[in-house]
Every structure is written in structure tokens, then in C-alpha cells.
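Visitor: Sequence:
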Amino acid sequence: MAPDAGRDAELIAAGWKKKTTYDEPRLSEIAAAYRELGFEVRLEPFAPAGAPDCTECMAVSPERFRTIWIRRPPAR
Numbered sequence: 003m004a005p006d007a008g009r010d011a012e013l014i015a016a017g018w019k020k021k022t023t024y025d026e027p028r029l030s031e032i033a034a035a036y037r038e039l040g041f042e043v044r045l046e047p048f049a050p051a052g053a054p055d056c057t058e059c060m061a062v063s064p065e066r067f068r069t070i071w072i073r074r075p076p077a078r
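Going letter by letter, the sequence shown gives residues 3 to 78 in my numbering.
Please keep in mind that the hints were generated in silico from the structure rather than gathered at the bench. Among the hints, erroneous ones may be present.
Below, a list of computed lysine to aspartate or glutamate pairs in the DMTMM-like style, where the Cα atoms sit at most 25 Å apart [claimed, not checked]: (1) K21 x E38; (2) K21 x E42; (3) K19 x E58; (4) K21 x E46; (5) K20 x E31; (6) K20 x D10; (7) K20 x E38; (8) K19 x E38; (9) K20 x E58; (10) K21 x D10; (11) K19 x E31; (12) K21 x E58; (13) K21 x E31; (14) K19 x E46; (15) K19 x E65; (16) K20 x E65; (17) K21 x E65; (18) K20 x E46; (19) K19 x E42; (20) K20 x E42.
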């Protein structure tokens, strides 16, 4: 199991959904758009080992990237 798989499982169990990974400036733009749509947004460090897509270029400097997780806020 990848080191981040346990963390992903915790977030999924808490109702979070993994969406995408970006660096700035798109990261802030996409996070803001999700917030405007009413979602809670969480930015997690990028973990190349747990990324299923082509991430070779991102793995060179993973500290630049964050993975966006979203969920609907609890009903009030």
C-alpha cells in the first residue's frame, strides 16, 4: 500500500472526494471556484507514489503541487 493510501482512505471516510492536482496559479483559481459552488475545499500535499496518472514531471518538484479535495458542507 502506498504511504498516502491510508491518508486518502481517511479523507474518503470523512466524506472528501479527490478531484485534481495543480500548482499555482491554477491551484488557487480552482479552489476558489469550488468554494464559490458551495464546497468545502482541502489542499493536501501531492504524493507522486499515489498518483495513477502520468506524473513524472510533477514528481521532480512535488512540493510545488497540492491535491484538491472537496466535499459538501454538513446540512445545517
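Visitor: Which of the numbered hints are not met once you compare them with the structure shown?
Guide: none
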